Amino acid sequence: MTVYILRRLLWMIPSLVIVFTLTFLIVHATPGSPWDEGEKPLPEAVKENLSRQYHLDDPLPKQYADYVLNVLHGDFGPSYRSTQRTVSEIIAATLPVSVQLGIASMLFALLVGIPLGALAAVKHNTWIDYLSSLITVTGISTPPFVRVSLLIVFFSLFLAWLPTGGWEGIFDARAIIPVVAIGSGPAAILARYTRSSLLEVCGQDYIRTARAKGVGEIAITAFHAMKNALIPVVTIAGVTLANVITGAFFVERIYGVPGIARQFIDSVTGRDYPLLLGIVLVFALLIMVVNLLTDLSYGYLDPRIRYR
Amino acid sequence: MKRLAALSLLVLLTIAACTPSTTGTASPSPGAAAKKTTLRLPEGAKPATMDPGISSGGSGLEQIQNMFEALAYVDQVTGEIKPGQAEKWTISPDGLTYTFNLRSGLKWSDGQALKASDFEYAWKRATDPATKSRYAQTLWPVKGAEAFGTGKGTAADMAVKATDDKTLVVTLERPAPFFMHLVATWTAYPVRKDTIDKNGDKWTLTSDSYISNGHYRMVEWKQEQSMTLEKNPNYWGENNGPDTVVWTLFDDQASKSVIAYEANEIDRAVLAGADITRAKNDAVLGKEVKKFERQGSQWIIMDTTNPPLNNLKVRQALSLATNAKQINEVVLKDAFFNSVSIVAPGVPGQKKENALGYDTTKAKQLMSEAGYPDGKGWPANVKFTFDGALSVDKSIAEAVQGMWKSTLGIDIVLEPMETKALESWRLSRKTAPFHFYISGWGSDYEDPNNWYNLLFHSKADFFYSHWKNAEFDGLLDQGLKENDAAKRKALYESADKMINSDAPYITVYHWARFDLIKPYIEGLYHYRVLGRVQAYLVRVKK
Numbered sequence: 604m605t606v607y608i609l610r611r612l613l614w615m616i617p618s619l620v621i622v623f624t625l626t627f628l629i630v631h632a633t634p635g636s637p638w639d640e641g642e643k644p645l646p647e648a649v650k651e652n653l654s655r656q657y658h659l660d661d662p663l664p665k666q667y668a669d670y671v672l673n674v675l676h677g678d679f680g681p682s683y684r685s686t687q688r689t690v691s692e693i694i695a696a697t698l699p700v701s702v703q704l705g706i707a708s709m710l711f712a713l714l715v716g717i718p719l720g721a722l723a724a725v726k727h728n729t730w731i732d733y734l735s736s737l738i739t740v741t742g743i744s745t746p747p748f749v750r751v752s753l754l755i756v757f758f759s760l761f762l763a764w765l766p767t768g769g770w771e772g773i774f775d776a777r778a779i780i781p782v783v784a785i786g787s788g789p790a791a792i793l794a795r796y797t798r799s800s801l802l803e804v805c806g807q808d809y810i811r812t813a814r815a816k817g818v819g820e821i822a823i824t825a826f827h828a829m830k831n832a833l834i835p836v837v838t839i840a841g842v843t844l845a846n847v848i849t850g851a852f853f854v855e856r857i858y859g860v861p862g863i864a865r866q867f868i869d870s871v872t873g874r875d876y877p878l879l880l881g882i883v884l885v886f887a888l889l890i891m892v893v894n895l896l897t898d899l900s901y902g903y904l905d906p907r908i909r910y911r
Numbered sequence: 069m070k071r072l073a074a075l076s077l078l079v080l081l082t083i084a085a086c087t088p089s090t091t092g093t094a095s096p097s098p099g100a101a102a103k104k105t106t107l108r109l110p111e112g113a114k115p116a117t118m119d120p121g122i123s124s125g126g127s128g129l130e131q132i133q134n135m136f137e138a139l140a141y142v143d144q145v146t147g148e149i150k151p152g153q154a155e156k157w158t159i160s161p162d163g164l165t166y167t168f169n170l171r172s173g174l175k176w177s178d179g180q181a182l183k184a185s186d187f188e189y190a191w192k193r194a195t196d197p198a199t200k201s202r203y204a205q206t207l208w209p210v211k212g213a214e215a216f217g218t219g220k221g222t223a224a225d226m227a228v229k230a231t232d233d234k235t236l237v238v239t240l241e242r243p244a245p246f247f248m249h250l251v252a253t254w255t256a257y258p259v260r261k262d263t264i265d266k267n268g269d270k271w272t273l274t275s276d277s278y279i280s281n282g283h284y285r286m287v288e289w290k291q292e293q294s295m296t297l298e299k300n301p302n303y304w305g306e307n308n309g310p311d312t313v314v315w316t317l318f319d320d321q322a323s324k325s326v327i328a329y330e331a332n333e334i335d336r337a338v339l340a341g342a343d344i345t346r347a348k349n350d351a352v353l354g355k356e357v358k359k360f361e362r363q364g365s366q367w368i369i370m371d372t373t374n375p376p377l378n379n380l381k382v383r384q385a386l387s388l389a390t391n392a393k394q395i396n397e398v399v400l401k402d403a404f405f406n407s408v409s410i411v412a413p414g415v416p417g418q419k420k421e422n423a424l425g426y427d428t429t430k431a432k433q434l435m436s437e438a439g440y441p442d443g444k445g446w447p448a449n450v451k452f453t454f455d456g457a458l459s460v461d462k463s464i465a466e467a468v469q470g471m472w473k474s475t476l477g478i479d480i481v482l483e484p485m486e487t488k489a490l491e492s493w494r495l496s497r498k499t500a501p502f503h504f505y506i507s508g509w510g511s512d513y514e515d516p517n518n519w520y521n522l523l524f525h526s527k528a529d530f531f532y533s534h535w536k537n538a539e540f541d542g543l544l545d546q547g548l549k550e551n552d553a554a555k556r557k558a559l560y561e562s563a564d565k566m567i568n569s570d571a572p573y574i575t576v577y578h579w580a581r582f583d584l585i586k587p588y589i590e591g592l593y594h595y596r597v598l599g600r601v602q603a604y605l606v607r608v609k610k
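These protein sequence lines map, in sequence, to chains A and B.
Numbered according to this note's numbering, the first sequence terminates at residue 911, and the numbering increases by one at each position without gaps.
Numbered according to this note's numbering, the second sequence terminates at residue 610, and the numbering increases by one at each position without gaps.
Think of the hints as simulated: they come from the structure by calculation, not from any bench.
Pairs of lysine-lysine residues, derived as BS3-like cross-links and limited to a Cα-Cα distance of at most 25 Å, are as follows:
hint : chain 1 : residue 1 : chain 2 : residue 2
1    : A       : K650      : B       : K211
2    : B       : K498      : B       : K451
3    : A       : K650      : B       : K270
4    : B       : K488      : A       : K650
5    : B       : K220      : A       : K650
6    : A       : K650      : B       : K498
Here the structure is a predicted model, which means the values were calculated and not measured.
From just these sequences and the hints, can you work out the full model?
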């Protein structure tokens, strides 16, 4: 088990190098420079000086080598757009916000999605099931930026219950709309998987045996069926983390949450190369770690799965 | 179903239970008890920098302007230059030496005395290439500044000198009648050496290190969220504006500030696009819509060396066949001001009589004289390039395509590009040919130098139209040196006539600013140049 984890961790290094190199090349192949930010172009002499000061006029291989060397020393470089903060500082300030938001959204997805799916499975082919289908299909088919806009219009403008944007920590009312907007997509997916997985498990012989022994319906679902039904759901839960991150891109931006996903969009449109590279590395690492955790959790849920 | 409802409720309640009592309507802070007033404003994106020496004048400028003051300032109603930190100044008869006398008892926001040497330090710092200023060229008219700024000279050779604590002497490379406008620019604000030496680039981040000298001082800057200012008790003059000013920072100011405004979270919103029409037609919002003039022009720029646009008659015909009034009033729903001439109204030298105007008969005649009667013989693949992400530019391109087709019988190909791709494409037009693209310019200061010399002189050719007219250049060179305002204006008026009739640009509209302003806010006004909100002029009557 330990060897397996170590091997997986070591494999992350070449993966990160590939992700980093590809991003570096794509970013530098994209036209445009980081300097024009207003509605008017900057004078040429100013841009030339900026490119010189930030070493953007160096040959590409040298820029690459310098950058890798700095990253190995833990320095992601300056941000071109935010002159007063380095990339490391921006990531340190924004990543915790996104992690809080992501965890809360995932919790929301699990707490809403799994019970909703289970309910639909237990009452399948009744109106409860149909209503649950309607909700989940709507959840899957609306993108997060539509959900967040609808939530703002309804809860902030129409009912005036919640602020229209901002962030005061995860335990503030301002967190509700982004959490629901991001979490409802994965919640819908989880509900669909829980329903079909649970239906399949409920048709198996050991469930019939349990029923024949006189075990109650609730106990059957909760103790006998649920654990087996959850294996595919856990796989999907790991994958939906990608949904949480990409969902956060737009939700953070629209709702004004000072998270790392919002920085990502700004860095792409603003051609803030160091910031973009830094964020890509963080995201890649995050996804790899979550994939590893997902794989490890199989071992717990299904005793037949063993890692060597 | 009961269980489902209970579960969902549970989740919501868990979130709500952990929530401090700020839940509920987003009403303004209840500071009425102490009769303190707060002005709540929107700001676009994240301020790229709050360093006056570095700022290019985009997001962040409004806050900088409220916290700093230069030697002189531009009156936000009349446009006159008025004494700021300097009590008075004298200009030598040859127009080369400026001597500024600072007011007595000037202080920084932390109470320390402000000296003339603070200006000397700030000006040299902004010019130093290592500062990475986005606006360094502002101070280049100072003797030795351009050499220093381009790495060919040293700070010691830059002719700005504090001769004592209250006197600053500046010598120029050559006479510059617009120099006082530059003195009033944010690049020329004083900054404090000790805090910059101690904190480096991070001096702008906290209220302790961000020391300023204007009407307000910083209380807090919450990155990507908000910035709060309070009155600076050490400012030399009066400040009857609101006690506190709070900016909410929006990534997409135009769409998000309206929502926050409607939810009463802010007192001013920025209107753009479809929201303008919606607000105008709304019973409540309709009364709160304000339209302000901005001294700027949006153009279709032509490559005057690339056939068929190298033919003067073709350019004139295209200009005459462009119904700019219809584009603004009908296509763009009056979101801007109707086209007057190439240079925006109000800039000395600009004359509306010089414009070619709209005349289809004359356009057709010129086009057939140029060898393209009814569009016959017009080359294929004449490209019109624009930013595909901007709906306004897309509408303009489509409208113009239709107008030229129906009036002149010619076809053009529309070529949308991504914003940054367009920018690098535009830069490469310095040497590469093109046909049309859309761009614009707004005044940094109300002076012909900021338009004619900086943009249109063949040595500058800022927009790469490659238009060259020796006589025009000569008038501009004279205008640059002329100290007599009336003579200077006449020189630029002659130049203005030439550029309008040679038509390297077609003006589509002049810039505008649309705001929603709450009825209890008085004095919130955007001056036509730069036009950032100056909080000290605003009164919150609530």
